[in-house]
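Engineer: Both chains come to you apart, so use the hints to assemble them.
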Amino acid sequence: MEIWITVAKLLGAGLAIGLGAIGPGIGIGILGMGAMNALGRNPEARGAIMTNMILGIAFAEAVAIYALVIAILLIFVA
Amino acid sequence: MTEKRRRTGGLLKIMVLVIALFAMIIVSFIGSEVGSGIIGLRPISFLNVETPKYNPAPERPFHKIPVTNTMITAWISILLLGGVFFVGTRNMKLVPSGLQNFLELIVEAAANFIEDPAGEKHGRWFFPVCTTIFLFVVANAWVSLIPGFETILVNGEPLLRNANTDLNIPAALAVVSFCFVEYWGFKAKGISYLKTFFHFGPLWQAIKLIFSGNIKAGAGGLLNGLVAVFAGLLEILSHLIRMMSFTFRLFGNMTAGMILVMIMLFLVPWVIPAVFYGMEAFFGFVQAMIFSGLTLGFACAAVMEEE
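Chains as they are written, first to last, in numbering that gives the first Met the number 0: chain Z, 0 to 77; chain S, 0 to 306.
Looking at chain S on its own, in the form it has when it is part of the complex (with noise of 0.2 Å):
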């Protein structure tokens, strides 16, 4: 009977709580610009929201002073990563507890994810870069997801920013991905990494085939060389290519993220936008994975023999 009586009143409590957050989200939308526009009447005004206006450039909240807001959030984050590793590892102990347990897991999950692709010998080289650029991205995405982050008003402008929706943070990280790709390569395969683009040396064999007379294999050689140095040339467009490609994704990403939050403020001010929110942690954790991930990958294909 006790037992019937208990699990009669758990569910009443769910119906409840379900209930309220059903009311209130239908008030919120009726508080909402959206919803009092639709009504023609304005009975909760202080849930009306402004309509929303996205800056694609970011903002310099001191006029004077070129400091973009985008570029005070990165700080905050480096500041805060910095922060945070050093404290943690200040006075390292044998068996890690507290803080040092849970860095210790981070890097530890870091050097397994990036030495079971790349080898031990290659993964050293790649684990500063790889996991840095994981770190950084991961650490902005998540700062701006502060609540009361972007508003803060400085001279009219908002003093943070979300800085991975600044293009020139994205570009930054990877032109620098770029470099180290590059670097590795030249690192462990020497100056014959640049067969990887100028690859002449079967077209070489064809014309030297030719000139000693044996022409049947000559031509069918030619073709192939051929193949290889244009081959070769489009492996140079990939590779610029590719440092477009690693910016629009991540400041795409960060944008859309930004943009559809504050939509979702704009039509429902109370208890949608928390999903979104938890969406966009999400995602700022997969980008940053993708970012790393695919640096990893590039990388290895750099450093990677041939046969």
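Just chain Z, with the same shape it has in the complex (with noise of 0.2 Å):
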């Protein structure tokens, strides 16, 4: 029974954060999309475009990094 817990356990936190970062992964590749397209059309605004993208990016990361959470507290608190 003990080992089917550990079992469960490992299982579900890989899959906590293997599907958890299928969305974000998904999401940042659209942000990096839009900002090379805005990059191509308009190079002058570069500074604006890189910090916006970098703070869109870490909105996307911050799902992932939820799910991350809920991986570690299943693997050690759980």
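Hints were generated in silico from the structure; no laboratory data involved.
Where is the CB? At the ideal position from N, CA and C, for every residue including glycine.
There's no promise every hint is true.
Derived, one-sided and incomplete: chain S residues facing chain Z with beta-carbon distance under 8 Å [as the list claims (entries may be wrong)]:
| # | residue |
| --- | --- |
| 1 | Pro55 |
| 2 | Thr150 |
| 3 | Lys194 |
| 4 | Phe196 |
| 5 | Gly251 |
| 6 | Asn252 |
| 7 | Ala255 |
| 8 | Leu259 |
| 9 | Phe284 |
| 10 | Gly292 |
Structural biologist: Here you go:
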């Protein structure tokens, strides 16, 4: 019985971070695409595009970080 | 001729450096726990690193005194910031130089960053809190990147640990940010700030219209009124959830960074972790900017006049 709990924990943690990283990955890809498009159209606005892109990426990344927190909780605390 | 020789000499130097770097990486991988496990023997035993272990809760180095190691780090970064700013501004000159110049650069950059979206009047309100949050978070993140930071052991526990990897400190900052946003909202709009949360006006008017006999207009208004009430209740929820999202964003990023550096140190003890240290320095800065920038953004939304 004990081993199945461990198995479920590890599997759950892996699935949590693995599935949770899909959405943010797509989101960051779209953000990068948008930034590159904007840079191609308007190379002078490099600074503003860069700052806003990093802010947006941090927002998208935060979702993956929530999944990571869940995974950490599952492994170390639960 | 000499030109060419010099150029090839430069190229040779770079090649030697690259080869030495690769050799160091390979040697350190072989020497690490993983590499020696694959080979089956331990040729370079001094590079062996213990299996990294991560504690979600901060440790207490002095068992009897309830002071955690993250608290000690937070005090260190507070003292560091206070000391640097005290020394830099002790005898201020009209034409700044040295440290004062550097501090003025930081403060001016922060002031521009804040007054750009908030305007001058509200920017003056937001400036102290947002800048303090930024400086505190970035100091916590960068103090913990000093080599040897987590290696000082007291009673078998590390004496220092990155303060942002303790859930309590991001949570405390998030509560401070939440309280200040609500305070600024009340300060800017007075008691009518509550309308953001309890927006009964349209519903009330629709009911009045129905009772005064204008049923057709009242029924349309009733739906809009209910939607407004519901949106207000959602706003309460979003203000509360914001705190959790603030907390976990900072905590998760910093913890993930710590674990990443730990695991890279375990896999390849030389050279490669330096790259991740640089990345951590960048991420600490970005997370600090995001924490203060989001506080600023929500504060701007709270004080904004609705038409």
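Engineer: So, for every hint listed, does it hold in this structure?
Structural biologist: Structure-based check of each hint:
1. Pro55: This hint holds: Pro55 (chain S) lies near chain Z, its Cβ roughly 5 Å from the closest one there, short of 8 Å.
2. Thr150: violated, 22 Å
3. Lys194: violated, 28 Å
4. Phe196: Violated: closest Cβ of chain Z sits about 24 Å from Phe196 (chain S), beyond 8 Å.
5. Gly251: With a minimum Cβ separation of about 3 Å from chain Z (threshold 8 Å), the hint on Gly251 (chain S) holds.
6. Asn252: holds, 6 Å
7. Ala255: holds, 6 Å
8. Leu259: violated, 11 Å
9. Phe284: Given a least distance of 10 Å, the restraint on Phe284 (chain S) is violated.
10. Gly292: holds, 7 Å
Going down the numbered hints, you'll see the structure goes against 2, 3, 4, 8, 9, while the others check out.
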